[in-house]
Amino acid sequence: MAGDRPLPLPDDETAFFWDGCREGKLMILRCGDCGTYIHLPKPGCRTCGGSNLAPAQVSGRGVVHTYTVSHTPLPGFDPPFAIVLVELEEQKGLRLVTNLIDVAPDEIEIGMAVEVVFETASDDVTLPMFRRRTA
Amino acid sequence: MTRTVAIAGAGYSAVARSLEQSAGALTLDACRAALSDAGLTAKDVDGIATYPGGGDSVACFHASESLGVPRLNWFNDLFGWMPAGITPVIAASHAVAVGECDVALAFRTVKRPHGRPPPGIGFGARVGGEMQFRAPFGDSMTSSWLAMWARRHMHEFGTTEEQLGHVAITSRRHASLNPVAPLRDPITMDDYFASRVITTPFRLLDCDFPVDGGGAVILTTLERARDLAKPAVVVAGGVFGTGPRPDWDQWDDLTHMASKYASERLWERTGMSAADLDVAELYDGFSWLSLCWLEDLGIVAKGDGGPYFASGKAALGGGGVPVNTHGGSMSGGRLHAISHVIECAQQLRGECGERQVPAAEVGVVSAGGGTMAGALLLTGDR
Numbered sequence: 001m002a003g004d005r006p007l008p009l010p011d012d013e014t015a016f017f018w019d020g021c022r023e024g025k026l027m028i029l030r031c032g033d034c035g036t037y038i039h040l041p042k043p044g045c046r047t048c049g050g051s052n053l054a055p056a057q058v059s060g061r062g063v064v065h066t067y068t069v070s071h072t073p074l075p076g077f078d079p080p081f082a083i084v085l086v087e088l089e090e091q092k093g094l095r096l097v098t099n100l101i102d103v104a105p106d107e108i109e110i111g112m113a114v115e116v117v118f119e120t121a122s123d124d125v126t127l128p129m130f131r132r133r134t135a
Numbered sequence: 001m002t003r004t005v006a007i008a009g010a011g012y013s014a015v016a017r018s019l020e021q022s023a024g025a026l027t028l029d030a031c032r033a034a035l036s037d038a039g040l041t042a043k044d045v046d047g048i049a050t051y052p053g054g055g056d057s058v059a060c061f062h063a064s065e066s067l068g069v070p071r072l073n074w075f076n077d078l079f080g081w082m083p084a085g086i087t088p089v090i091a092a093s094h095a096v097a098v099g100e101c102d103v104a105l106a107f108r109t110v111k112r113p114h115g116r117p118p119p120g121i122g123f124g125a126r127v128g129g130e131m132q133f134r135a136p137f138g139d140s141m142t143s144s145w146l147a148m149w150a151r152r153h154m155h156e157f158g159t160t161e162e163q164l165g166h167v168a169i170t171s172r173r174h175a176s177l178n179p180v181a182p183l184r185d186p187i188t189m190d191d192y193f194a195s196r197v198i199t200t201p202f203r204l205l206d207c208d209f210p211v212d213g214g215g216a217v218i219l220t221t222l223e224r225a226r227d228l229a230k231p232a233v234v235v236a237g238g239v240f241g242t243g244p245r246p247d248w249d250q251w252d253d254l255t256h257m258a259s260k261y262a263s264e265r266l267w268e269r270t271g272m273s274a275a276d277l278d279v280a281e282l283y284d285g286f287s288w289l290s291l292c293w294l295e296d297l298g299i300v301a302k303g304d305g306g307p308y309f310a311s312g313k314a315a316l317g318g319g320g321v322p323v324n325t326h327g328g329s330m331s332g333g334r335l336h337a338i339s340h341v342i343e344c345a346q347q348l349r350g351e352c353g354e355r356q357v358p359a360a361e362v363g364v365v366s367a368g369g370g371t372m373a374g375a376l377l378l379t380g381d382r
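Going down the list, the protein sequences come from chains V and D.
Here this note's numbering is used: the first residue of the first sequence is 1, the next is one more, and so on.
Here this note's numbering is used: the first residue of the second sequence is 1, the next is one more, and so on.
The hints are simulated quantities; they were obtained by calculation from the structure and are not laboratory data.
Careful: at least some of the hints might be erroneous.
Residues from chain V shown here face chain D by an in silico Cβ test under 10 Å; the list is partial [what the hints assert, rightly or not]:
id	residue
1	Phe17
2	Ser70
3	Ile110
Over 10 Å on every C-beta distance to chain V, these chain D residues come out as not near it, computed from the model [unchecked claim]:
id	residue
4	Tyr12
5	Arg112
6	Glu354
7	Gly380
Far from chain D by the CB rule (all over 10 Å, computed), these chain V residues [said to hold, decoys possible]:
id	residue
8	Gly20
9	Gly24
10	Met27
11	Pro43
12	Asn52
For each residue, glycine too, the CB sits at the ideal point set by N, CA and C.
Please work from the sequences and hints to get the whole structure.
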């Protein structure tokens, strides 16, 4: 049913993220001066006050920070389905909303190790999904 | 120089699951009820504020013209992310305090879409803005955003589904004592667990109850309020707050909300503390929100919100600070906390009959969830 999901409408600040996904890379905006990762994309660095920001590739590894299992019908989703907030290993608090492709909703646990896997959703959109990680 | 501000009147329109009246007509009824309560007329009003930003209500001028307000010295239609029901009240109290106007109406009306699609932010085929990072993963609604916060709180503090159930049961018990609450039949823990899951850990009975209706309050100077029909309720403080990462996903610590910042600010501004409270009307768009507010206000320690509800202390006569004495949004209807403001004012005037908190002198009203928060501290005229 993935074809029916709402898909992103990239803009000037977010196009790099979706371009990266299409190329199989998870790109996050990063401050060139202090190294802070900035997500969601913003034009300024909240840590050092700079604006020398550029997309940087991250590992795609993280852990489940929290989740919810939705029983609400939505276009493109078969309830119950899990919405997961993954915290990336690069920085505390750097998180992505996503879905897990290989874990049943009732098996999801906070702290579960996961990694990104890219799924083609349309001709022009690839989504960063996650799967269980063993190493 | 600022003037001390008071709530001089408060009132509702009809409030029910489904009403024929338009949002404008509901607004008119609520504003007229508040004016009548204060012993004022539309001719006395020179300021007005509302939150029309949900696409579910009318703007200031629609109301002022319908009422017959002859001129306005201050008006404020409030849009954007904010605690929708309390923001007009706080804004109007500030306008009166600095002398922009002398008698201000603050209202919030909610007229449900009734079959029309929600004004929605994440249901289209292509979604822009911040929702482009959520909607593609089915994360389009506040229920799922806040469910993830609640889940994290359960993980860190051991908060249980049963404790959330006690929030719902307590609200309903209070609503049963409130003649204008739309849901008044008591519920049990079995009812709670039998209600359908919306998005874990939230069940239907963890959610507010959508209604049509409006509420309004009149703000004026304490000096003037003392000459009016009802005992004045003093606005001791009205504050807002958020933190450095005001984003639903990137918020630093999901176990506290912006309520932490608004609470700190409220006590700092008023010189009072949770120990002074007699009653607490805490926003409850979902059960966990009022539990989190309870903790962030310092009524209980962080993590002790669930046990507080489970022990019965949040209930009227339970020995603690009673929470949501009107039934909150969960059983009293989703009016975005304008009903919490009205209930607190009525408690401090001693008008609440069977659900009256004895000798209530100090009450807190909170609104907002997640990344945005506002709070009011109200006191009797001592």
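| Out of the numbered hints, which ones does the structure contradict? | Of the numbered hints, all hold.
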